[in-house]
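**Student:** The primary structure of each chain is shown beneath.
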Amino acid sequence: MRSGCDASVGDTADVTLEVQVEKKLADFALNVSFRAPAAPLSILGASGAGKTMLLRCIAGLEKPGRGRIALNDRVLFDSEQKIRTPARARRIALLFQNYALFPHRTVAENIAFGLYGLAPAEQAARIATLVARTHLTGLEKRYPRELSGGEQQRTALARALAIEPEALLLDEPLSALDTHLRAQVETELQDTFAAYRHPALLVTHNMEEAYRLSEQLLVLSRGRVAAFGAKGEIFRHPASVEVAQLTGCKNISRARAKADGTIEALDWDCRVRVAAKIGKAPKYIGIRAHHIDFLESAGDASAQENIFPCWVVRTSETPFRITLFLSLDQVHGEAGAHHLQAEVFKEKWQRFRERGFPWHLRLAPESLFLMDG
Amino acid sequence: MDWSPLWISLATSLTATAVTLLVGLAAAAWRENRSGAGAALIDGFFLLPLVLPPTVVGFFLLLLFGRNGPLGKLLLQFGATVVFSWPATVIAATVVAFPLMYLTARAALEQVDAHLLQAARTLGASEWRVFREVALPLAWPGVLAGTILSFARALGEFGATLMLAGNIPGRTETIPIAIYFAVEANEIQQALAWCALDVGISIALLGGLYYWTHAQRLRRERWGHR
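Chains as they are written, first to last, in the working numbering: chain R, 510 to 882; chain S, -18 to 207.
Do not rely on the hints blindly, as some may be mistaken.
Claimed, not checked - To be clear about the criterion: a stretch of chain R counts as covered by chain S if any three or more of its residues have a C-beta under 8 Å from a C-beta of chain S, and this derived list gives those stretches:
id: 1; stretch: 561 to 570
id: 2; stretch: 589 to 597
id: 3; stretch: 620 to 632
Hints in this document: simulated from the structure, not taken from any laboratory. A virtual CB, placed ideally from N, CA and C, is assigned to each residue, including glycine.
The shape of chain R in the complex, shown without the other chains:
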């Protein structure tokens, strides 16, 4: 994995979408450069990180200050050569967050919008194919208002696919849906992606969505590429604190490398050994909440490293899991302050809750990761 401003994934031979965009925004500058292969790519970032603006620049709805955008062999934008292909000629479909369906057109008429100029028979055949593919059969004559959120989303997708786009851009495609619909629509999106052999950029602020929907991941933070590469690698070894936070890491501490090869975690008040090689002075250390282990008995404690006594300061429940706010120091804990957050299934919590404190937790060396900034 490479991170930073310029990043690429895979072999350059199959690179199809090349993006290099600089644009001043209200409180920061968008400065992004990457190459996307013909596969889904999730763009993960907090709200206001510039994700939507990036998609709009690629689609041709916004003009970047500087840069270059090329799709396959076509240069769509080049500030130096003064090339700027209008949105209508880019053959890039953009799925808007609110779907932007034409309210005065039925489902079939919405899909037909991009089929302008085709013979009526050809149009009808294409619409029928798309309707079947997006499970809209029977809804062709409905108006968008008369559709559920999921059906609206599928109509927008069918309308976008109708132009046989060479790239597909999806702006938070699931955010407008109710929770119970999301899983279903997500599965449908996965099917669509599987059949779509072009770049598909999917913007989201939900790390789980990003993880499930693509193999490649691009993390955007305040207009810059904070990480780009295989998703597993980014989640296992976030390169920076921002990436760790955006990928849902709850435990991050300032760190200092010691002469004996251990790391002092300043915010956790402890010293740990890590499995990874310690590079040039790491600044931060992190561990994910569900990676924190609890020992079944205190007797195991002496056998292993990175084992610390702990006290539960607070808990926070979700339906199946529980988050424990832990202190590694009794006095500190009694004052209500915590060092670490651990996430365990309720079954485990049921077994542990009656035990007296301190418990013993283990920060497995292979689960700890170091960050440079």
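Starting from the known structure of chain R, fit chain S onto it as the hints suggest.
**Tutor:** Using the frame of chain R, we list chain S on its own:
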């Protein structure tokens, strides 16, 4: 009774409304993607006929289209004189009705969700198609309301028409002018008859407007358009 003022009024108002609709829509569509001082200045110019007294508008038109006016001279080269002819009634009515059309059309176009226009562009539509198939159908109720208002304004036009077209019975004498001269000649019955006719037309127009906005509300509910 001589019915010519009715026919002249209707012909003038219909022609003026048609011209206003086309020019007003074009101006509103042109203005939509523009901002800045220049556009604001043009806005002010477009709205001038709404705020100026019609006699002032008529006087300016007379200066413009008169024998020594720039447009009058130009037209004279083709052997045409506008002043005191039927086209003058159309010009006066058009200029006075234009701001109403422009304002309502602009408001209606501005209300159309910009995302819909952008979606249309990414789907390969030309700007003309975006306007014709997305912006205009969605703005149409407002545009139609503007058309009815413009027609009403054109029908009631008096001051500018009198300045530019005069009062030539059978040619430039519209209903409002006929009323004025009937009252001046103390033909009260005649004046009353024209007034009654004007009231009738106005009520029919308002009824049409009401019916239309009602139908539009029903349609919007079906579209679910905010």
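**Student:** State the violated hints by number, sorted upward, taking the hints as numbered earlier in the document.
**Tutor:** none
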